[in-house]
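Now for the letters of each chain:
2 protein chains.
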Amino acid sequence: MRYILKQMLNQRDPLDLVFQALSDPSRRVMVERLCRGPASVSELARPLAMSLPAVVQHLQVLEASGLVRSEKVGRVRTCQIEPGMLRNAEKWIIERRTTWERRLDRLGDYLAGQPESPNDRSE
Amino acid sequence: MRYILKQMLNQRDPLDLVFQALSDPSRRVMVERLCRGPASVSELARPLAMSLPAVVQHLQVLEASGLVRSEKVGRVRTCQIEPGMLRNAEKWIIERRTTWERRLDRLGDYLAGQPESPNDRSE
Numbered sequence: 001m002r003y004i005l006k007q008m009l010n011q012r013d014p015l016d017l018v019f020q021a022l023s024d025p026s027r028r029v030m031v032e033r034l035c036r037g038p039a040s041v042s043e044l045a046r047p048l049a050m051s052l053p054a055v056v057q058h059l060q061v062l063e064a065s066g067l068v069r070s071e072k073v074g075r076v077r078t079c080q081i082e083p084g085m086l087r088n089a090e091k092w093i094i095e096r097r098t099t100w101e102r103r104l105d106r107l108g109d110y111l112a113g114q115p116e117s118p119n120d121r122s123e
Numbered sequence: 001m002r003y004i005l006k007q008m009l010n011q012r013d014p015l016d017l018v019f020q021a022l023s024d025p026s027r028r029v030m031v032e033r034l035c036r037g038p039a040s041v042s043e044l045a046r047p048l049a050m051s052l053p054a055v056v057q058h059l060q061v062l063e064a065s066g067l068v069r070s071e072k073v074g075r076v077r078t079c080q081i082e083p084g085m086l087r088n089a090e091k092w093i094i095e096r097r098t099t100w101e102r103r104l105d106r107l108g109d110y111l112a113g114q115p116e117s118p119n120d121r122s123e
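In the order they appear, the protein sequences are chains V and H.
Each residue of the first sequence is one higher than the last, beginning at 1 in the working numbering.
Each residue of the second sequence is one higher than the last, beginning at 1 in the working numbering.
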């Protein structure tokens, strides 16, 4: 796990870290929970079938990606979502989808402008 | 609970593979290219500073995630985007963002309904 974290930190593009962070189902559960409001580490751990140190390691991956930040006050570490990186990931995907849909539209326009083939005629 | 059950059954969530596939910058370049239209493996390799076998390995990750499919006709393998999985990833992120924004709205409504504190008064 520490090795994976090291590998992740060696990568450059922030999107690498965000998509990597979201590729784990436990981390997605943590992000889902934090989108509903701040939570302590033990609150984050509650629905997950894993040890607290394992949850802390996942939290470190989320913090390294910029999706989450946490602050320790007294003995309690409180975690919050950082919506900016989630928006960047959404933006990247939407741009790809838009490119793809525009291509489909152009293809549709092109096909609509083509003369009918004999097989298409209904009479 | 559903999450724990899934873990027990050792099923991998398709989103794990999609976000994992998108966490690599070369694979994102390949997805960007394929959103502009189908391409052969050597066309995909052109902007990437890596060997053809390395590109084929990345292609295998993209195909395993369901983001891309490819078909070999004669000696040429042609790759195409599969938009469904990209849509699933987008949907997951948008749902999280919506949850987060609704929470902010509720917080705003709550604060707007609170009596002003003496410090906020301008007169």
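I should point out that these hints are in silico values taken from the structure, not numbers from a laboratory.
Among these hints, one or two may not hold up.
As the list claims (entries may be wrong) - Part of the chain H face toward chain V, derived, beta carbon under 8 Å:
| hint | residue |
| --- | --- |
| 1 | C35 |
| 2 | R87 |
| 3 | A89 |
Claimed, not checked - Distance windows between CB atoms, simulated:
| hint | chain 1 | residue 1 | chain 2 | residue 2 | range |
| --- | --- | --- | --- | --- | --- |
| 4 | V | V73 | H | E63 | 39 to 49 Å |
| 5 | V | R69 | H | G37 | 19 to 29 Å |
| 6 | V | P38 | H | R46 | 45 to 55 Å |
Since this is a predicted model, take the numbers as computed values, not measurements.
Each residue gets a CB set at the ideal place from its N, CA and C atoms; glycine is no exception.
The hints, checked one at a time:
no. : hint                         : result
1   : C35                          : holds (4 Å)
2   : R87                          : holds (7 Å)
3   : A89                          : holds (6 Å)
4   : V73/V with E63/H: 39 to 49 Å : holds (47 Å)
5   : R69/V with G37/H: 19 to 29 Å : violated (40 Å)
6   : P38/V with R46/H: 45 to 55 Å : holds (47 Å)
Hint 5 from the earlier list is the only one contradicted by this structure; the remaining hints agree with it.
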